[in-house]
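There are 2 protein chains.
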Amino acid sequence: MLNQRKPIKVNEAIERVLNHTSIGNIEYVSLEESYGRFLGDDLIADHHVPPFDRSPYDGFAVRAMDTNDASRNTPITLEVVGEIGAGSVFGGVVDKGQAVRIMTGAQIPEGCDAVVMLELVKEIKEETKSFIQLKRSFESGDNISFSGEDTKKGEVLASEGTYINPGIVALLATFGYKQVPVSCKPKIGIIATGSELLDVDEELQPGKIRNSNAFMVYSQIIRAGGEPIYFGQFSDEFDTCFEQVKKALEQVDFLITTGGVSVGDYDYLPAIYEKLSANVMFNKVGMRPGSVTTVAEIDGQLLFGLSGNPSACYVGFELFTRPIIRTYLHAYHPALKKETAILGANFPKPNPFDRFVRGHLSFENGKLIATPVGLDKSNVVSSLGSANVLINLPGGTRGYEQGMDVSVILLEDQEGTTLEQFLSSGGHTKRRARYDK
Amino acid sequence: MLNQRKPIKVNEAIERVLNHTSIGNIEYVSLEESYGRFLGDDLIADHHVPPFDRSPYDGFAVRAMDTNDASRNTPITLEVVGEIGAGSVFGGVVDKGQAVRIMTGAQIPEGCDAVVMLELVKEIKEETKSFIQLKRSFESGDNISFSGEDTKKGEVLASEGTYINPGIVALLATFGYKQVPVSCKPKIGIIATGSELLDVDEELQPGKIRNSNAFMVYSQIIRAGGEPIYFGQFSDEFDTCFEQVKKALEQVDFLITTGGVSVGDYDYLPAIYEKLSANVMFNKVGMRPGSVTTVAEIDGQLLFGLSGNPSACYVGFELFTRPIIRTYLHAYHPALKKETAILGANFPKPNPFDRFVRGHLSFENGKLIATPVGLDKSNVVSSLGSANVLINLPGGTRGYEQGMDVSVILLEDQEGTTLEQFLSSGGHTKRRARYDK
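Protein chains in written order, with UniProt numbering: chain A, 1 to 437; chain B, 1 to 437.
Source of the hints: derived by calculation from the structure; they are not laboratory data. Any given hint could be a false lead.
Said to hold, decoys possible - Think about it this way: if two alpha-carbon atoms lie no more than 25 angstroms apart in a straight line, the pair counts; the simulated DSS-like pairs of lysine-lysine are:
1) B:K96 / A:K122
2) A:K9 / A:K367
3) B:K6 / B:K275
4) A:K349 / A:K9
5) A:K275 / A:K338
6) A:K246 / A:K9
7) B:K152 / B:K135
8) B:K367 / A:K367
9) B:K284 / B:K6
10) B:K122 / B:K135
11) B:K9 / B:K337
12) B:K284 / B:K178
13) B:K349 / B:K9
14) B:K122 / B:K96
15) A:K178 / A:K135
16) B:K152 / B:K178
17) A:K367 / B:K337
18) B:K246 / A:K338
19) B:K96 / A:K187
20) A:K367 / A:K284
21) A:K337 / B:K367
22) A:K125 / A:K96
23) A:K284 / B:K122
24) B:K284 / A:K337
25) A:K135 / A:K152
26) B:K9 / B:K367
27) A:K338 / B:K152
28) A:K247 / A:K275
29) B:K284 / A:K6
30) B:K187 / A:K178
31) B:K178 / A:K122
32) A:K187 / A:K246
33) B:K275 / B:K246
As the list claims (entries may be wrong) - Among chain B residues calculated to face chain A with C-beta under 8 angstroms, some are:
34) L276
35) R398
36) E401
37) Q402
38) G403
Positions of the beta carbon are idealized from the N, C-alpha and C atoms, including for glycine.
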């Protein structure tokens, strides 16, 4: 089976995969469980914010017109006729010459149109009455937070597909979302292939390595917002493998296999795709690592055949699987953010194909600096731990020197970008800007 | 209780709190559950990587000396005496004039010291034997991944306290961590106070608002790595409140209250601290929002009295509670990262105190741009959803113009920084660098 494969460009491969997106259902979870999920519907204000004219300070609610003549030399005196704690409401109407003690957040009583801060008054207690003295005038509306000045009833405060961070949780609470509509997580199966693979708890044996890809992809799925299901390792026997894939497909929304997609004699997946009558969108991509990445589709269900080598597997997931997961989650920014950074170290290798180098992004004097981590051999795992970007060096370029501009794909960012933005950016990596400290 | 409070500087307040850190125990979780936790111990390589000399390609393992005389015009022929799939081992010793078919990742057989890639040979099959023809020579070591060249046995690959991302998960799997030592999550209680607060599922009532702080802080705790426990809202009655706090303290590592720390007549917390004989480290901080933030300590247990207004509550948590949580999790970078960014819009208000403005960080041509979000009134919640940084404007500065350098505190970053780094940075915000596109 040493058949020839025709590589396609990375962007073309991504576009082909994203022609087969699907969007998941929504479900309701409690507000406490909503953090880290994605909004399944627009978040809408069910009332004005503030819901009523309220005081932003502890102080006294007054009628501004009563203060017109107040000055340092001619202070005026108002009678304090009541007090309002936050959450309570003043019963009557405040009349000429009167004021009401008011707490932060409390509703402005009827008749009043300004608030005087506590520290600006002198309080005077008499036997049964109490008064305040003011030494300056106030305008109508001074120190009042007006109903609706922050948010109007009916306003969309966050769109469907937004990642729910603590600020969004605050909005959900404010607008009465005891139960929150969130996007259902796609169930994503993982099958590891490779007769060289040991289980994590097995002792090392000559010629074998422990299976790390399955667990790495497991957590990449969680990070992307999906629900991983690990089906274990492939059998060594073709018919059993075929049945494993068929059964797994029935239980999941998408299926990921790691390994088994090379042209090596022991790689079953191409034959399995054929027997499943799967539509193989591509089985070779002009990129390093991950050239043997395969994506296939059967009746709209996607199979991601990721490479068996850890870096290639990692990159293949982030480029092809992640945007599919985010689209399923209703995200309007399903792609990872791609930004420009300054290369922090030389990368002398030429790039006959688009290259994705694991890198660490840091900031220096307000600029983004991306530095390749580790040796960047495709079978190296030790550098993956500190990687938070993929440095994207376009195919056809020579080696890069420290200080040049490069494109970086942000791995930990939750905001993302549109697919169009992702695919169109990256050209600026050929510009050779020097890095001046 | 309109007592005077003496404000202290933000950095001084943070230092006081961080004099009372505690470090949690460790527990073991399965590899699948380890993503997003913090390493409770150093991650150590239990073997070399690669564990044996192996082939990075599909090809043929050869003895380099046999190829010395090979050239385009004088190809040499080697007999293929076996094949090694990944995970299997060649039994014998490869002799003069022999080669072995080898798969990616398989162990180099004894006697061989180079690998020839598949595409560089011509295969010749005879009845019972097969041969390869080579048209160039190879050096000893060519195309071999040597044992230990990536990682040496015993090497620390990630330190105790590291956030477990998918790359770290891959390392854990590779080195046999079926069970992963992780830092125990601190249990953090939340009590909401404020008689103006409605439950999230209650209809709005005049003068009242729904309780959003408790749920916001709940998710901030999760983001920081802790385990939130919500005890509900305070009673309106002092003795009951006191008992609520006392009981909650027995069940948690740290306790957060929201609201009730102002000098308003209805704010019970100062009296509760007194009755508990708590050591109040400070009850006023020279910052906006959040000036009434209080932190107290009883027998080493911390009580965070966060403000009742949403922005102040949010900021108080991130500045004071988060580093305590991260320290408990063994993190060596417990503070949030503070970086320099270019201000993306005017902020004309003067800053009599250190100000923390919710902002949105974006990137433009390799530079960090931070733009204030929303109105930034302290009682505004609608802008919190899009905030991913706090823009830190030092006290004593005038208004800031678009294009100036400012300090930003990154809210979604998992890497963090040291406390020293956090406290020492930020001075550059007074430098007035223009933003040149």
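Right, here's what the structure says about each hint:
no.	hint	verdict
1	B:K96 / A:K122	105 angstroms, violated
2	A:K9 / A:K367	30 angstroms, violated
3	B:K6 / B:K275	21 angstroms, holds
4	A:K349 / A:K9	20 angstroms, holds
5	A:K275 / A:K338	38 angstroms, violated
6	A:K246 / A:K9	30 angstroms, violated
7	B:K152 / B:K135	36 angstroms, violated
8	B:K367 / A:K367	5 angstroms, holds
9	B:K284 / B:K6	6 angstroms, holds
10	B:K122 / B:K135	9 angstroms, holds
11	B:K9 / B:K337	19 angstroms, holds
12	B:K284 / B:K178	48 angstroms, violated
13	B:K349 / B:K9	20 angstroms, holds
14	B:K122 / B:K96	19 angstroms, holds
15	A:K178 / A:K135	47 angstroms, violated
16	B:K152 / B:K178	20 angstroms, holds
17	A:K367 / B:K337	14 angstroms, holds
18	B:K246 / A:K338	50 angstroms, violated
19	B:K96 / A:K187	54 angstroms, violated
20	A:K367 / A:K284	36 angstroms, violated
21	A:K337 / B:K367	14 angstroms, holds
22	A:K125 / A:K96	19 angstroms, holds
23	A:K284 / B:K122	23 angstroms, holds
24	B:K284 / A:K337	40 angstroms, violated
25	A:K135 / A:K152	36 angstroms, violated
26	B:K9 / B:K367	30 angstroms, violated
27	A:K338 / B:K152	34 angstroms, violated
28	A:K247 / A:K275	14 angstroms, holds
29	B:K284 / A:K6	68 angstroms, violated
30	B:K187 / A:K178	23 angstroms, holds
31	B:K178 / A:K122	69 angstroms, violated
32	A:K187 / A:K246	15 angstroms, holds
33	B:K275 / B:K246	10 angstroms, holds
34	L276	24 angstroms, violated
35	R398	21 angstroms, violated
36	E401	16 angstroms, violated
37	Q402	14 angstroms, violated
38	G403	11 angstroms, violated
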